[in-house]
Amino acid sequence: MLSHDNLEKFEQLKTQFPSMKSLTLPVLWMIQEQHGWISEDAMKYVADLLGLPLRHVYGVVTFYTMFNRKPVGKYHMQVCTNISCQLVGAEKISDHVCRRLNIKLGETTPDKKFTVIEVECLGSCGTAPMMQINDDYLEHLTIQKVDALIEELK
Amino acid sequence: MTEFSEKLILPDIPNLHTIDVYEQHGGYGALRKALAMQPDAVTDEVKKSNLRGRGGACFPTGLKWTFMPKQSTKPKYICANGDESEPGTFKDRQIFEFNPHLFIEGSVIAAYAMGVKTVYVYVRGEYAKWIKVLQKAIDDAYAKRYIGQNILGTTFSTDVYIYRGAGAYICGEESALMNSLEGDRGYPRVKPPFPAQYGLWGCPTTINNIETLSNVPVIINHGWEWYSKIGAPKQPGTLLYGISGHVNKPGVYELPSGALLTDVIYKYAGGVPGNKKIKAVIPGGSSTMWLRGEEIEGVRMDADSLKAVGTSIGTGGVIVMDEDTDVLKVLARIAHFYHHESCGQCTPCREGCGWMEKILKRFVAGEGRIEDIDLLLDVANNIEGNTICALGDAAAWPVQSVIKKFREEFERRARKTPAPDVYVPPPHLVRLNG
Chain A
0 MLSHDNLEKF
10 EQLKTQFPSM
20 KSLTLPVLWM
30 IQEQHGWISE
40 DAMKYVADLL
50 GLPLRHVYGV
60 VTFYTMFNRK
70 PVGKYHMQVC
80 TNISCQLVGA
90 EKISDHVCRR
100 LNIKLGETTP
110 DKKFTVIEVE
120 CLGSCGTAPM
130 MQINDDYLEH
140 LTIQKVDALI
150 EELK
Chain B
0 MTEFSEKLIL
10 PDIPNLHTID
20 VYEQHGGYGA
30 LRKALAMQPD
40 AVTDEVKKSN
50 LRGRGGACFP
60 TGLKWTFMPK
70 QSTKPKYICA
80 NGDESEPGTF
90 KDRQIFEFNP
100 HLFIEGSVIA
110 AYAMGVKTVY
120 VYVRGEYAKW
130 IKVLQKAIDD
140 AYAKRYIGQN
150 ILGTTFSTDV
160 YIYRGAGAYI
170 CGEESALMNS
180 LEGDRGYPRV
190 KPPFPAQYGL
200 WGCPTTINNI
210 ETLSNVPVII
220 NHGWEWYSKI
230 GAPKQPGTLL
240 YGISGHVNKP
250 GVYELPSGAL
260 LTDVIYKYAG
270 GVPGNKKIKA
280 VIPGGSSTMW
290 LRGEEIEGVR
300 MDADSLKAVG
310 TSIGTGGVIV
320 MDEDTDVLKV
330 LARIAHFYHH
340 ESCGQCTPCR
350 EGCGWMEKIL
360 KRFVAGEGRI
370 EDIDLLLDVA
380 NNIEGNTICA
390 LGDAAAWPVQ
400 SVIKKFREEF
410 ERRARKTPAP
420 DVYVPPPHLV
430 RLNG
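Heads up: the protein sequence lines correspond to chains A and B, in order. Going by numbering that gives the first Met the number 0, the letters in the first sequence line up with residues 0 to 153, in that order. Going by numbering that gives the first Met the number 0, the letters in the second sequence line up with residues 0 to 433, in that order.
This is chain A alone, in the form it adopts within the complex:
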C-alpha cells in the first residue's frame, strides 16, 4: 500500500524514533497522501506494518480530525469558523460555499470534485476569514474571491 518512495522514507523514519508505535501518525500521513483517505484495509496494513493491534491504529485514526475515514473530493475545502474568522464573516463564507456547490457541510459534490467541512482555528486569524484547500491556505476571503475560486477549480 505504501509506494516504493514512501517505504524508503519509512525505513529512514525508523531510525528517528526508539519505538515503532511513534510511526503510526507518519505512516498514516503517507497513506493519506497517496490515497486521499484511510480505509479499514489501510488501517489493517498499517497495523501489520508496525506490528501493532488494529484497535490501536483505528483509535488513532478516529482521534485526529485530519485523517479522512471516507474519500473526499479533489478539493477538500476546510472553512474556519472559529472566533477570529467568525467576527469578520466566516459564516457568510461557509454558507456561500455550500450554496454555490449545492451541498451541506460535510458533504461531497456528486462529481467528487469538492468536499466542504467546517474546521477549528487554523492559525490564520490575522488574515481572516480563511479556508484551507488541501494543503493550501486561502486568506482574506470575500464572496467574490470564493466565486472566482470555485469557477477556476470547476
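What the hints contain is simulated information worked out from the structure, not anything from laboratory work. Idealized CB from N, CA, C, for every residue including glycine. Possibly wrong hints are sitting among the right ones.
As the list claims (entries may be wrong) - In silico DSSO-like pairs for lysine-lysine, Cα to Cα no more than 30 Å straight-line: (1) LYS116/B / LYS13/A; (2) LYS69/A / LYS111/A; (3) LYS116/B / LYS73/A; (4) LYS91/A / LYS128/B; (5) LYS128/B / LYS111/A; (6) LYS8/A / LYS116/B.
Claimed, not checked - Pair by pair, the computed Cβ-Cβ distance ranges are: (7) ALA147/A / ASN274/B: 27 to 33 Å; (8) PRO10/B / ILE142/A: 35 to 41 Å; (9) GLN143/A / VAL308/B: 38 to 44 Å; (10) ILE142/A / LYS328/B: 17 to 23 Å; (11) LEU62/B / GLU150/A: 52 to 58 Å; (12) ASP135/A / GLY309/B: 38 to 44 Å; (13) LYS153/A / GLY25/B: 49 to 55 Å; (14) GLY35/A / LYS328/B: 31 to 37 Å.
With chain A fixed as given, assemble chain B onto it according to the hints.
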C-alpha cells in the same frame, strides 16, 4: 519602562529564512558562543534572563531546564511545541516562515544546555506549508554542521526531527503532545510525574514553545542582563502579539512585553473599523478571561499586569470585538470549540463542555431561560479544576468571565415567557424509533 523598538525574533530582513542570509546577520553565532561555555552556564544565563514560556503558562524557562536530571542512564529529549492551535494565536507560524533558523539555533543551544541528543519539533498537521519551510531549514543546518554529529567540530551531537500532528487542539498540552509523539491518541497524562522525570518513553523530557526557544539565541548573544531589561521586568523580552477580530490592521506585532493593550489595538493594529467602540477584548487567546471595552485603558500586556485585572497573557493572541458584536454568539462558538476538542478522558470536561454549548446555543436562539444563567455558571464551576489537564479550565474561564461581565446581555436575551411544560414519559412507555 524603557523604550525599546528593536525586533529580536522577527526582524525586517528580507530572506532571513535562508541560511546564508541568516548567517550574514550573525546567525549561529550564539550557538558558537554557547558551545564554548559549560552547559550549566548556558542554563544559568537563561535562568537569570528571566525568560518565561510563551505558550501560555509563563513558566520560567531556565528553571524548567534545571528540572532535567544531569546524570541519566536514559536518553533525554526536547519537544518543541509548534502545535499552535489556540484560537486567536498565529505567531509560531511567522517564526517558521520568516526566521526558522533562529528557532533551530535556540533548540540546539537548549539541547546542549540539557545534554539532549534528540529534539522533536511537533508541528500541527495543518501547517503543511511551514513544515516544508522548516524541513528545508533543518536540512541546510545539517549540511553546515549546526545539527548532527560533532556540531561545529565539538564533541556535542544532537538531531532535530519534525513530527507532524493531525488535527487535535489538545496536543498543544505538553503531556498530550508526548502521547501523540509516541504514536497514540493525544490524551493528557496525570501529573506528577512531570516530564522532566518521566516524559517521552519514560525518559527525561523538556517541552518548550517555539517562540520561547527562539528567544534563547538572543539571550546568549546579548547576555542575560541586557535581555532582562527589555519590557516588563518579571516577564522580559519582546512578545509576538497576534491581533485579530475587529481591527483595521490585524497581524503579528513584535513589541516589548508590557506594551499597552490600547497601543497594540490603536497604534499598531490601526484601531477599530468605522471608529466603532470596543465592546470586549480577549487578551491572550480563546481560553483567557474577557475584558470589557471600558476596562482596557491603561492595561499592560504582560503576565502580572493582566493577572491584576483578572485575566492572563496566554499566547498574546488579542481578539477585539466592536460594539455591534453578539457576545453570546461568540461565546457559543468558543464553547463549541472546546466541546469539539475535549479529548473525552475526564467526565466534567467531556460532558460539561457539551452542556455549556447546548445552553449557550439556546440563548443565541432566544430560547434561553433566566435560570439557565446560573446553571451555565454552575456547569463551568464544576469543570474548572476537576480535570486532568487545563482544557477544562480553558473552557470554563471564558464562560465564567462573560457571565460576570455581560450578565445583562444574558438577561436581556432570556425568553420572557416561561418554557412550556414538556411531558416526559416514564421509561417503560418510551418507544424507540417512534
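Comparing the hints with the structure gives:
Restraint check: the Cα-Cα separation between LYS116/B and LYS13/A comes to about 16 Å, which is no more than 30 Å; the hinted pair holds. With a CA separation close to 12 Å, the supplied pair LYS69/A and LYS111/A stays within the 30 Å bound. Between the alpha carbons of LYS116/B and LYS73/A the distance comes to roughly 41 Å, so the proposed pair goes past 30 Å and is violated. Between LYS91/A and LYS128/B the CA atoms are separated by roughly 27 Å; this keeps the pair inside 30 Å, and the hint holds.
Distance check on the hinted pair: LYS128/B and LYS111/A sit about 25 Å apart at the alpha-carbon level, within 30 Å; holds. A C-alpha spacing of about 22 Å is found between LYS8/A and LYS116/B, which places the hinted pair at or below 30 Å, so the restraint holds. Between ALA147/A and ASN274/B the beta carbons are some 31 Å apart, a value that agrees with the proposed interval 27 to 33 Å. A hinted range of 35 to 41 Å for the beta carbons of PRO10/B and ILE142/A is consistent with their spacing of about 37 Å.
Range check, GLN143/A to VAL308/B: about 41 Å between beta-carbon atoms, so the 38 to 44 Å window is met. One distance hint, 17 to 23 Å for the beta-carbon pair ILE142/A and LYS328/B, holds here, with the actual separation near 20 Å. For the pair LEU62/B and GLU150/A, the beta carbons lie near 56 Å from each other, so the given range of 52 to 58 Å is met. Take ASP135/A and GLY309/B: their Cβ atoms lie about 40 Å apart, and the range 38 to 44 Å holds.
For LYS153/A and GLY25/B, the hinted distance range of 49 to 55 Å is satisfied, since their beta carbons lie about 50 Å from each other. About 35 Å separates the C-beta atoms of GLY35/A and LYS328/B, a value consistent with the hinted range of 31 to 37 Å.
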